[in-house]
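Plus 7 on top of the position in the sequence shown (first one is 1) and you've got our numbering.
These are calculated hints, taken from the structure and not from any lab test. Don't be surprised by glycine CBs; every beta carbon is placed ideally from N, CA and C. Some clues are possibly wrong.
Stated by the list, open to error - Subject to a maximum C-alpha distance of 30 angstroms in a straight line, what follows is the list of computed BS3-like cross-link-like pairs (lysine-lysine):
#1 K24 x K72
#2 K154 x K177
#3 K24 x K57
#4 K175 x K164
#5 K154 x K164
#6 K164 x K177
#7 K57 x K97
#8 K154 x K172
#9 K97 x K172
#10 K97 x K154
#11 K57 x K72
#12 K33 x K97
Said to hold, decoys possible - Pair by pair, the computed Cβ-Cβ distance ranges are:
#13 S69 x W160: 36 to 44 angstroms
#14 L54 x E84: 37 to 45 angstroms
#15 E168 x V59: 23 to 31 angstroms
#16 Q17 x W160: 54 to 62 angstroms
#17 E166 x M61: 48 to 56 angstroms
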Amino acid sequence: KGDTGLEELQNEFSHSKILYAFCEVKDDSLNLRRYLLINWQGECAPLQRKGVCMNHFADVCSFFKDANIVLNARHEEDVEPDVLMQHVNKLASRIRIDKHTNGGGTTSNVTTTNGNHNHDHHYDNEESKPVGTNYQRTVAQREISQKERERFWHQQKLEEEQRLKEEKLKQTANRFDPKAELQRNCHETTNSG
């Protein structure tokens, strides 16, 4: 999916669904790539699901932190390709203005659009970096060999046996030690009385 552009994306949205969309749009005027995050809440979607969606949308935004434009959409008109490109172009014009006012420095903008209200967040960056991950799959068999596991559990067993022997020796020594017997009896009578 995703080969036919914004038109295909628009067809994925349904009046009865709640969806998130993250897409890349090429801004031809600046020859840059812009990332859009769309929070789609269809008009006929269950109200309870809409509430849940709004509660965790901040987490979704933080996961897609490189999104340049965050858009809350409820109507098909909100996600038409022309409307989405207007948001991208509006962001591009702001970047051009910022470059001129900042003396050529680059500024990264995140525009949050909710209905007719726009909220801009400006971040100064040296350059935009691609979205990446450092996830590496863990293979337990490779991490811990069978011999190492057996050696570990054998060592645990030996330590437990040693602990039990020492405990038994202490009990035996206390039985034949008159001072220990006297202390134990005094302790028992103090606690019971």
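Tested hints:
1. K24 x K72: OK: K24 and K72 at ~24 angstroms, within 30 angstroms.
2. K154 x K177: Not OK: K154 and K177 at ~35 angstroms, beyond 30 angstroms, violated.
3. K24 x K57: holds (9 angstroms)
4. K175 x K164: Given pair K175, K164 holds - Cα atoms ~17 angstroms apart, limit 30 angstroms.
5. K154 x K164: holds (15 angstroms)
6. K164 x K177: holds (20 angstroms)
7. K57 x K97: holds (28 angstroms)
8. K154 x K172: holds (27 angstroms)
9. K97 x K172: With Cα atoms ~78 angstroms apart, K97 and K172 exceed 30 angstroms; violated.
10. K97 x K154: violated (62 angstroms)
11. K57 x K72: holds (22 angstroms)
12. K33 x K97: Distance of about 13 angstroms is within 30 angstroms: holds.
13. S69 x W160: 36 to 44 angstroms: holds (41 angstroms)
14. L54 x E84: 37 to 45 angstroms: For E84 against L54, whose Cβ atoms are near 22 angstroms apart, the range 37 to 45 angstroms is violated.
15. E168 x V59: 23 to 31 angstroms: The hint (23 to 31 angstroms, Cβ to Cβ) is violated, given that E168 and V59 are roughly 54 angstroms apart.
16. Q17 x W160: 54 to 62 angstroms: holds (58 angstroms)
17. E166 x M61: 48 to 56 angstroms: Since E166 and M61 have Cβ atoms about 54 angstroms apart, the given range 48 to 56 angstroms holds.
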